[in-house]
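Enquirer: Residue 1 is where the sequence shown starts when you use our numbering, and the numbers rise one by one after that.
If you're looking for bench data, these hints aren't it; they were derived computationally from the structure. Among the hints, a few may not be true.
Within a straight-line C-alpha distance of at most 20 Å, the following computed SDA-like cross-link-like pairs (lysine to any residue) qualify [said to hold, decoys possible]:
1. Lys136 to Ala146
2. Lys3 to Asp71
3. Lys160 to Ala183
4. Lys120 to Met1
5. Lys3 to Ala191
6. Lys66 to Thr2
7. Lys120 to Phe159
8. Lys120 to Ile4
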Amino acid sequence: MTKIAVITGASGGLGKSLVHEFASHGWRVIGTGRSEQPTDLPEGATYKQFDASDAKAAESFWQGVKQENPDAEICLVNNAGGYVSGSLTETKPEDYEQQMQSCYFSAVYMTRGLAVVVPKARIINIISSSALAAHKDNSAYGAAKAAEMHFFRSLQQEFKPEQYQITNLYPDSIASHGPADDAMTAEDFSAFVLEQAESDRTYYLRDVTIWQK
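Based on the sequences and whatever the hints tell you, model everything.
Expert: Here you go:
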């Protein structure tokens, strides 16, 4: 059976690492993003440019995936999301809106679009440790990630694992744009995500915090 991984926010950073990790292990990867297609997509990967926070665009994307691959095994990795930090008055109103669009609504609409046409799938959500505790100058990003956490924890109650196996990951610091002494590597984290997607054990992880050494 064909295995398809749909990875949002795939044009750079952690998303790009996830694309390479899944593709290198035999998955057919469909990366999505608002930016133009990266020039170094690996073999077995394609890219669809659209705004995942647009409900109609997300639903249209999934209808196309289902039509072209009616019997594929699907794993959705909700990774899209920008980052804005700053105090209340430093953070502009449009920054709060952008955080909710990129972090929360993109995950909501990609997941809803999936559920409309795909009756069974694995869903892995790259949330953040910021969803678990409030921090100074992090009100926009933290609130958007906390909303994402609440949404997916609600879905864990709504659906059985036999329908949608939902894993929420709360990493602390990822060196997604180059080496950093105080962060886990994007490659190590991507390998962990792949392990969750491929696991066929009698258990699965639902909510996991991940910290760098």
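Enquirer: Hints first: check each against the structure and report whether it holds.
Expert: Structure-based check of each hint:
no. : hint             : verdict
1   : Lys136 to Ala146 : holds (15 Å)
2   : Lys3 to Asp71    : holds (9 Å)
3   : Lys160 to Ala183 : violated (34 Å)
4   : Lys120 to Met1   : holds (14 Å)
5   : Lys3 to Ala191   : holds (17 Å)
6   : Lys66 to Thr2    : holds (12 Å)
7   : Lys120 to Phe159 : holds (10 Å)
8   : Lys120 to Ile4   : holds (13 Å)
This entry does not satisfy hint 3, going by the numbered hints stated previously; all others are met.
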